[in-house]
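Asker: Protein chains in written order, with this note's numbering: chain A, 1 to 101; chain B, 102 to 732; chain C, 733 to 918.
These are calculated hints, taken from the structure and not from any lab test. Heads up, a few of these hints could be off.
[Claimed, not checked] For lysine-lysine, the following DSS-like pairs were computed, each having C-alpha atoms within a straight-line distance of at most 30 Å:
(1) K645(B) with K551(B)
(2) K701(B) with K86(A)
(3) K86(A) with K712(B)
Note that the coordinates shown come from a computational prediction; the quantities given were computed from them, not determined experimentally.
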Amino acid sequence: MTLTLTHYLVLSAILFTIGLAGVIRRKNLLMLFFATEIMLNAANIAFAAISAYINDLSGQLFALFIIAIAASEVAVGLGLLILIYKKYGTLDLDNFSVMKG
Amino acid sequence: MESLVYIALFAPLVSSLFSALFAQRPKTYLVGTVASLLIGASLVSSLILLFTLLDNPTPIHVDLMDWIVVGDMNVKFGFTVDQVTVTMMSVVTLVSTVVHVYSNYYMGHDKSYNRFFSYLSAFVFSMLILVMSDNFLGLFIGWEGVGVCSWLLIGFWYHKPDVSKDVNPAVSPSWAANEAFIVNRIADLGMLVGIFMIYWSLGTLNYNEVFANLDKLDHSFLVGIGIALFIGAMGKSAQFPLHTWLTDAMEGPTPVSALIHAATMVTAGVYLVIRAHPLYQEIPEVSYFIAVLGTFVAIFAASMALVNRDLKRIIAYSTLSQLGYMFAAAGLGAYWVALFHLAAHAFFKALLFLGAGNVMHGMNDELDIFKMGGLKKYMAKTFFFMGLASLALSGIYPFAGFFSKDTILEVAFNEHTYGIWFVLWLTAGLTAFYSFRQVFLVFLGDERFKKYGIHPHEAPNWVAWTFSPLAIMAVIFGFFKEDTMEFLTKLLPPYEMSEHTHHMVPILIIVTTLIAVSGIVIAYIKYAKGLKRDPKVENSFAYKLLYNQYYIPLIYEKTITKPYEQLSNIAWQQIDMKVVDATVDGIAHLVKETGEVSTKAQNGNLSSYLKWMTAGLIMITIIAVIFVVMK
Amino acid sequence: MEAIAFYIFSILIVGLFLVTILSKNILYSMSSLAAGMVLISGLFFILGADFLGAVQLVVYSGAVMALYAFGMMFFDATKDIKERNSSGLLVFLLSGATAVILVVIFAAPSIGKNIKPLVTGTKGADNPHVIGEVLFTKYLIPFEVAAVMLLVAMIAGIVLASKKMDQSLSEIYIDADPENELKEQK
Chain A
1 MTLTLTHYLV LSAILFTIGL AGVIRRKNLL MLFFATEIML NAANIAFAAI
51 SAYINDLSGQ LFALFIIAIA ASEVAVGLGL LILIYKKYGT LDLDNFSVMK
101 G
Chain B
102 MESLVYIALF APLVSSLFSA LFAQRPKTYL VGTVASLLIG ASLVSSLILL
152 FTLLDNPTPI HVDLMDWIVV GDMNVKFGFT VDQVTVTMMS VVTLVSTVVH
202 VYSNYYMGHD KSYNRFFSYL SAFVFSMLIL VMSDNFLGLF IGWEGVGVCS
252 WLLIGFWYHK PDVSKDVNPA VSPSWAANEA FIVNRIADLG MLVGIFMIYW
302 SLGTLNYNEV FANLDKLDHS FLVGIGIALF IGAMGKSAQF PLHTWLTDAM
352 EGPTPVSALI HAATMVTAGV YLVIRAHPLY QEIPEVSYFI AVLGTFVAIF
402 AASMALVNRD LKRIIAYSTL SQLGYMFAAA GLGAYWVALF HLAAHAFFKA
452 LLFLGAGNVM HGMNDELDIF KMGGLKKYMA KTFFFMGLAS LALSGIYPFA
502 GFFSKDTILE VAFNEHTYGI WFVLWLTAGL TAFYSFRQVF LVFLGDERFK
552 KYGIHPHEAP NWVAWTFSPL AIMAVIFGFF KEDTMEFLTK LLPPYEMSEH
602 THHMVPILII VTTLIAVSGI VIAYIKYAKG LKRDPKVENS FAYKLLYNQY
652 YIPLIYEKTI TKPYEQLSNI AWQQIDMKVV DATVDGIAHL VKETGEVSTK
702 AQNGNLSSYL KWMTAGLIMI TIIAVIFVVM K
Chain C
733 MEAIAFYIFS ILIVGLFLVT ILSKNILYSM SSLAAGMVLI SGLFFILGAD
783 FLGAVQLVVY SGAVMALYAF GMMFFDATKD IKERNSSGLL VFLLSGATAV
833 ILVVIFAAPS IGKNIKPLVT GTKGADNPHV IGEVLFTKYL IPFEVAAVML
883 LVAMIAGIVL ASKKMDQSLS EIYIDADPEN ELKEQK
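Pulled out of the complex, with its shape left as it was, chain A reads as follows:
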């Protein structure tokens, strides 16, 4: 059968939801980052697919920039993660209730 854009978009949606479930469920901060990566990749797939089916290059360029952003986000995020680990000794999310209101 021929692949239409809908196939790719549905795949992107499912992957996004998987990432979302991971973000909600994961209590370890590092694993939270993994789930975030999944979400970003899902968006990338959507962008690339639409770009291919409409013959517009903006989608691919946008996906490119998202990759760049994700890279820098990982760098800074891991730095902060290291600082948290040094201060609290644990990466469990339930221990960080300093912003409790």
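With chain A held as given, fit chains B and C onto it using these hints.
Answerer: Relative to chain A, chains B and C alone:
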């Protein structure tokens, strides 16, 4: 000419404001002097206006400013000085000036001296607005103003505590002030209804316009207006059944009683009836009812004064009685006679009250006449003035009371209302009796005050000079009856006596003088030698009935005051606290509880925040999808 | 042909990412994440986005996963992560609802027919050629900004993770006897 009107009207206001500046400071004679001078200026302006109107009978009209201009309603602050107004103005300002000067002496030891003058002048100002206004709404403003000022003045010694009812005087000043104000308020409701009815049917409140258009209304509506306005007059002039406040108002200082309860505020009701005479002429049944009620009050009050022991209350009852006379005259259509009696009464009643003030001051604020006696030796001048005033009150020739009272009796006779004539005639005798009972018990006879250790002293000479204008007027005013009639009937309808009455006039005069003199003689026989108390008489039913004011205050307290208090209590505890407060508190409680529950959503846990975010995301997406699909 | 590749890839990707979010071992989840990234680049190649696929391989499954690996080494990775998951049902419901909604939205025939492509490169050229054309003409500014941002992120990463930035390395090693270190640290 307009400036005279403004001076007469606003000088008391300036005096009041000036005195108010010093209200918190200790007593200073500057305040008393300035106040008296300003009221004197008002008096001079009123007299000049009087003489101007005597020459040129056109009323003087000034429009101060537009007051209420809303839709179709246009009420101005306008003042008219016509014959009726200028008579009232002269009377009011003369009595006020004398009272102001006297208060310098009477309130000399009081630490709230300055405040007193502020209130007193404010009262004069309100009264002048009442009589000078040219529309019903200005009248009502003055009406309310005198009500408020009388409240302030009756309750002047508000820090005096409540006393039990067995002690004489029986109430506290703040209670008496409240009673006066509340009773007046109840009557003011009637007056407001009357004013509303006038405006609703005629669209204007100006006297001239209203009275010109009265024939457009049908008769029963006019009856309604007349009754409503008269209810207001009943409250102010203390007619039955709204009369209880007048005697309790004696708790205020004596100058207050002299000014308010002799000459001015209580006559506002009579003024209203006189002013609205075109209305009352159209509804003779209401006027007849007014006359009957006035007659009833006359004898009712006189009967209660027969046995009373309180110096000022006897005079208060006599005021009540004479007000009945005035209403009788007005009700029978003789409006200028009512006004004439009003003026004469103001003079000698104020004199009587001021004399009583002298007695009180000299006797260390003692009020019980059974504890006085033989004061003629110590207070000769006061004896002279009070005797003079009592003679005028009893209607003895040639004093002022004779002319006014006799004319009223003639009017009653002329109208063939012989019942009214008889009752008023009897009341004249009673009036003479109790006035002189008071004079003799206080000034003649044995000196009962010795055993209470009181040392009486006379007032200084200048006080006697202050009384003299009133005394002179009480003596000579009667001779101005013809001039007054000519003056007033330019505005008011004249009253023609029939031929039959003209023949009877000498007989009527003799009969009236006879009963008045016999009253004096009986009083002399009983009391001139001294007080003999008879326990049998004092415990008899009639005596007790009269002494307790026919138990009317007691009835009011049991049937009106106590149930109302209980109702208020229920309204407070059941409705206000349980329903209203609970609702407001409930809302606040709800908000607080909601907040406390919502606080748990902010537990600092990133995971739960993410869950909330996802939930929000789902909801928004669903809403967006629904919108798109519905389009 | 494409369809078969697409289905194989997509099923594998979904399975691997499920492992990522469900596993208790951090090593397993990271490995499956890396594998998923590689397969996603495969998807890009199917779509004809060559340059993007190459970048995905190099940056994502190369550099980013390497960063994660270093980070994982920093923490104790051998013991299983104990997680308190008190509300599994809630997670399932939320994510399930999101999935349903998103799939419904995307599966509906809602793609417009009149969308005009805005940015097309010269026809017939290779994908990298075209991307290069567009990147350095129309998207030059975002490109430069992204470069600056990467620089900033790099510096931030260094600053956040290192200690004793205000002292030079030589000083640390010369004064390295314990007493002096203690005094300096005070």
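Asker: If a hint holds in the structure, say so; if it doesn't, say that too.
Answerer: Hints, verified against the model:
no., hint, result
1, K645(B) with K551(B), "28 Å, holds"
2, K701(B) with K86(A), "29 Å, holds"
3, K86(A) with K712(B), "27 Å, holds"
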